[in-house]
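Asks: Sequence:
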Amino acid sequence: MKYDAILFDFDGVLLESEAAGNRQIAAYLTSIGHPTSPEDSMANFMGLAGADFLGAVERWIGRAIPEDFHTARAEEDARVLEQGLPAVAGALRFVEGLPASLPRAIASSSSTEWISTHLAHLGIRDAFGDHIYSGREHVTRGKPAPDLYLYAAAQLGVPIERCVILEDSPVGVTGAVASGADVIGLCAGSHCAPDHSERLRALGVTLIAHDFDEVARLVA
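Numbering (the working numbering), first residue to last: 19 to 238.
What the hints contain is simulated information worked out from the structure, not anything from laboratory work.
Cβ coordinates follow ideal geometry from the N, Cα and C atoms, glycine included.
Mixed in with the good hints there might be a few duds.
[As the list claims (entries may be wrong)] Here are the computed distance ranges between Cβ atoms for each label pair:
1. ASP213 / HIS88: 43 to 53 Å
2. PRO53 / GLU216: 24 to 34 Å
3. ILE142 / ALA92: 18 to 28 Å
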């Protein structure tokens with residue numbers, strides 16, 4: 019490995035949750051009179067969390083979010099937490115093939131409960147130990163600020179300049195590039211449109227991978 023540590027985003031990098039989540043958001047917004055396609059949802063909301071996500075939805079529909087939006091989201095989250103979601107193609111093989119001594123962490127906008135539960139469903143919970151970090155729980159400023167990645171690197175005891183980050187969303191890529199690490203823009207998830215790599219390159223990413231075989235070559 020040419021790096022001393024690897025930092026993973028989670029949704030859309032290891033877990034096929036971006037496509038499923040954005041389908042649900044699009045369906046809900048369409049049902050309340052704001053026609054929205056999954057592609058619209060991914061273009062406007064992907065990678066956002068908390069107040070940033072809610073603000074983006076309100077700007078899209080031009081009004082306050084109806085209260086039952088939160089109920090619909092909570093019900094969908096509960097369903098997928100119980101049933102699980104598939105891994106991004108090649109992700110499990112890649113994680114399982116990492117050298118046991120290589121420090122690694124998850125740095126995600128999702129909650130640690132969400133990440134840990136889905137890692138357990140995927141059978142790779144032990145691969146990350148205690149190094150699961152949430153932009154909601156571990157830093158004041160989540161993505162697109164670089165703080166979460168800087169925090170994760172510090173917890174691993176590895177200088178951020180010696181880390182490589184796997185990110186898929188424009189929001190996450192913005193924070194990853196700002197952190198000073200090398201960044202691989204991952205376009206392996208089913209949510210990634212044909213022009214996704216160009217969106218990431220426009221944000222400063224120079225390393226692009228369309229599958230985990232390409233990731234393996236870039237980090238070797």
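Asks: Evaluate the given range 24 to 34 Å for the C-beta pair formed by PRO53 and GLU216.
Replies: 26 Å, holds
Asks: Could you tell me whether the CB distance from ASP213 to HIS88 stays inside 43 to 53 Å?
Replies: For HIS88 against ASP213, whose Cβ atoms are near 32 Å apart, the range 43 to 53 Å is violated.
Asks: Is 18 to 28 Å right for how far apart the beta carbons of ILE142 and ALA92 are?
Replies: 26 Å, holds
Against the hints set out earlier in the document, a violation occurs for number 1 only.
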